[in-house]
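Single-letter residue listing:
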Amino acid sequence: MKNMMDLETTSLRWRWWAASLLPRLAGPIFDKEMRVSSRRRRNYVLRFLYIGLFTFLASVVWLDSLVRSTSSVYQASRMAAAGQTIVTAILWFQFLTAPAIAAVMLSTSISDEIYKRTLGVLMTTPIGSFQIVIGKLMSRLLQIVLLLAISLPLLAVVRVFGGVPWSFLLCGLCVTLTTVIFVGSLSLFFSIFTRQAYAAIIETVLAMGFLFGGIPVLLAFLTDKVVSPPTLMRWLSYFNPFVVMGAAMEALYMARPAVVAWPLHCAVMLGLSALLLLLATILVRRAALRQAGGIVDANRGTNPPSTIRRVQGPPVLWKERRAPLFGRRKLRRVAEIVSGVVILGLLLLTYGLCYRANLLRDTETHVMYGVVFFSVGVLFTVILPATCITTEKESQTWPLLLTTTVSNWEILWSKFAGAARRCLPAWVLLFAHTLVFMGPGTIHPIAVVHLALLVAWVVFFLTSTGLYFSTRLRHTTTAVIANVGLAAGLWAVFPLFLAIFLGVMTKTSTGVIETYMDLNPFVHAGVIVNAAAHRGGLGTYDWLQRGMGSLSDATCWMALTFAVYVSVGLVFLTRAAARLRNNPF
Amino acid sequence: MIEIKKLTKTFGSLVAVDHLDLFIGAGDIFGFIGPNGAGKTTTMRILVTLLEPTYGAAFIDGLDVGKKGKEVRRRVGYMPDFMGVYDDLKVFEYLEFFAAAFGIEYAKRKAIVDGVLELTDLVSKQDALVDSLSRGMQQRLGLARVLIHDPKVLILDEPASGLDPRARIEMRELLRELKRMGKTIMISSHILSELEEICDRIGIIEHGKLVFSGTLEEIRPRLGLQSKVRVKVLGEGIRAMELLSVLPQIQSVEVMASQPSSSGLSGEGPGSTLLVTFKEGQMADGLIARTLVNGGVDLLSLQPEQLKLDDAFLQLTKGIVH
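Those sequence lines, one after another, are chains G and V.
Here this note's numbering is used: the first sequence runs in plain steps of one and ends on residue 595.
Here this note's numbering is used: the second sequence runs in plain steps of one and ends on residue 352.
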């Protein structure tokens, strides 16, 4: 009897300990974060969008997978294949969206505390830096886990159709979850160093691009003579979730066991996350102590004085021109220059590898470089203009500017010119590549004209929309997300869903999606470089809608696209001017 | 100089300013007082064209702020309750930037900036980065910025908040100097004693409505307060009380606690303090002195009771906030 009671007490104790583990690990920060997140409208919007997209995708894939016009026996026999398609689509959807949400949600985790000067205050309480880091991470991850959990009933039901083993489901969910934890930790880590959330998001995206894209490509090039592809895949699978997901998918469709051990991958990802969190814990403490001691401000005050620069020309334009292209603080400037040098070095390495493999005369190589450099330009252009006015609102200088006699249009054009100027260096890579390869005749000179036309309207359009969101919204991060969302929606999400929808509904090509895609700037960049880098002179312009292959027709289409986007941009700019004085606080 | 007629501002269902009527004459320093959320800042923001009124109108120098925004901005200098700073500008550059923003010609700017730097005693800081300045210095810089285009009207939203006593005194002196220069100043503050010393007139606002506007002297009858005089006499004070109680102008005489003589001279004995309350509309300090001296009472001091702005504020407002 006594043994029984002892056992019961031990069991109760164990349960109490387990139940209180998370609160003890995360402390009051976890509790506070959960309360705050329940009051934030953006979290509900995010959930609504996620569930909306999820439902749309599941419905479309379901409709597409159904076999309608045959016998019921045949239909039943095809259900396993349908189940596979649906499960695959859902798992990939989760795998791609959940880490993106994690990067966004964790991007403000520490920077918010630093910006609002609450981090130093937290350090005067018994809450440790470990609890701050874990509390922030857990509270936000919990919401993403809830989003992932939404799909579980559907996945369980679809599994009844057969064709999808439990191990595959488990692999997909675990890999997604560990990727979410890793990306979240990365975003949290970067949020210690930047005041603006969008900067943390960009750094996370670039880091992921380098880790999961750059390293595999480099390894593949560097080890192609030494290591066999399966061995390389096995190596990569330890820390690259895309490889694991790809391998698992291949194993599912080929009905063979997976070549990579996903539990080991999950363990490695969790270990890397733990390492990042440990570093974050140390750095958060330093940042808090620095804030509490006012060391940052003290350093700032003792900077050696430079000369006073007189204001010349329109004042707002002068101020925008004066803004540095690189960070003003010495440490940040050094970090940015070092990063730039590293990226440039890697870039030159890729050129060297391409040269060694004799790929520099291939059209595809130049299309790849063109589209990548174009994407870099778009990335900067979509972000920087959206920060122009919101940063002034956040630092409370906006009302001061509005109480001067500077006109709305002067403010707007000055901001426009300033934003465009700051974006220009991002386009250097594209034009440098084109000009360098124009010399030996690999790329036709007309590409410069066409790319200039393309870049002009892209910069005009994105700067206009960015300024509009910047006048409309209060916070920089929201404005940046809105502008990125508009570009992504217009040029990626909408055409993708339109293609899926039209494909399901009509089963034949109507030409609508092709015409729409030919208005897409990334398609323009690809088509321009593809034609200009054609072996043996200028090739035809391969638009998706076919036709317009000649130089004159293609130029006309580009001019028409230019006119459409510039007109829409002007509408946004006019609306921004009209709204400039609305809600200045 | 500033005229507000039936000014109303709503934010959704919240009425921030409710049919406000106000007049501030040229060259006045007008203190705008009210509890947090009373509508002071909203009124000021409307006056400087940052917000549009929902109803009613406001005029500065005869110009409608809702219709002649640019002309109004040329005449007004606004200092918000929290001054934003461009963290990558130096003091001189910051001021010159705003000088240029107000359309001051390049050739004239340096002299103007030097002038306001001198007036606000910031010459030694002209090469410092704006965000490295202390709170007091930043407030001074804010005032310098406000003066850069030589506006007729200054609208200052809590300019002394967060300042130490020395900085507050300096700010007060600066405002007096600006008054001497002929500026019309509308100033809001929670430090009521600050306003008491520099304002010609005050306005008390609560729940978006003006509950009082006028001079401090005009508040007394508005509150139904009678004049009081504190009288200190040598000895017990019974005789003094008898002499004063019979006067027709006096409503009551109370003996306050007896205190030892302040002079400390031996043989004087303890003194007594009497609080004499006059009937409404009556005030005659001379009569008290004459009556007591003629009656053989040793009068030590006679001090009229001052109505403090804090007291008036507490009595006029109920502490209602939105």
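Rather than coming from a laboratory, the hints here were simulated on the basis of the structure.
Don't take each hint at face value.
Unchecked claim - Among the chain G residues that face chain V by a calculated CB cut under 8 Å, a handful are:
1) 318
2) 406
3) 412
4) 442
5) 443
6) 445
7) 449
Stated by the list, open to error - Selected chain V positions facing chain G (in silico; Cβ < 7 Å):
8) 41
9) 52
10) 55
11) 78
12) 100
13) 110
14) 120
15) 127
16) 130
17) 202
18) 203
19) 242
20) 244
21) 301
For every residue, glycine included, the Cβ atom is placed at its ideal position computed from N, Cα and C.
Here is how each hint holds up against the structure:
{"no.": "1", "hint": "318", "in the structure": "holds (5 Å)"}
{"no.": "2", "hint": "406", "in the structure": "holds (3 Å)"}
{"no.": "3", "hint": "412", "in the structure": "holds (6 Å)"}
{"no.": "4", "hint": "442", "in the structure": "violated (29 Å)"}
{"no.": "5", "hint": "443", "in the structure": "violated (33 Å)"}
{"no.": "6", "hint": "445", "in the structure": "violated (34 Å)"}
{"no.": "7", "hint": "449", "in the structure": "violated (40 Å)"}
{"no.": "8", "hint": "41", "in the structure": "violated (11 Å)"}
{"no.": "9", "hint": "52", "in the structure": "violated (20 Å)"}
{"no.": "10", "hint": "55", "in the structure": "violated (23 Å)"}
{"no.": "11", "hint": "78", "in the structure": "holds (5 Å)"}
{"no.": "12", "hint": "100", "in the structure": "holds (6 Å)"}
{"no.": "13", "hint": "110", "in the structure": "holds (6 Å)"}
{"no.": "14", "hint": "120", "in the structure": "holds (6 Å)"}
{"no.": "15", "hint": "127", "in the structure": "holds (5 Å)"}
{"no.": "16", "hint": "130", "in the structure": "holds (4 Å)"}
{"no.": "17", "hint": "202", "in the structure": "violated (23 Å)"}
{"no.": "18", "hint": "203", "in the structure": "violated (24 Å)"}
{"no.": "19", "hint": "242", "in the structure": "violated (28 Å)"}
{"no.": "20", "hint": "244", "in the structure": "violated (29 Å)"}
{"no.": "21", "hint": "301", "in the structure": "violated (52 Å)"}
Violated hints, in rising order: 4, 5, 6, 7, 8, 9, 10, 17, 18, 19, 20, 21; the structure is consistent with all others.
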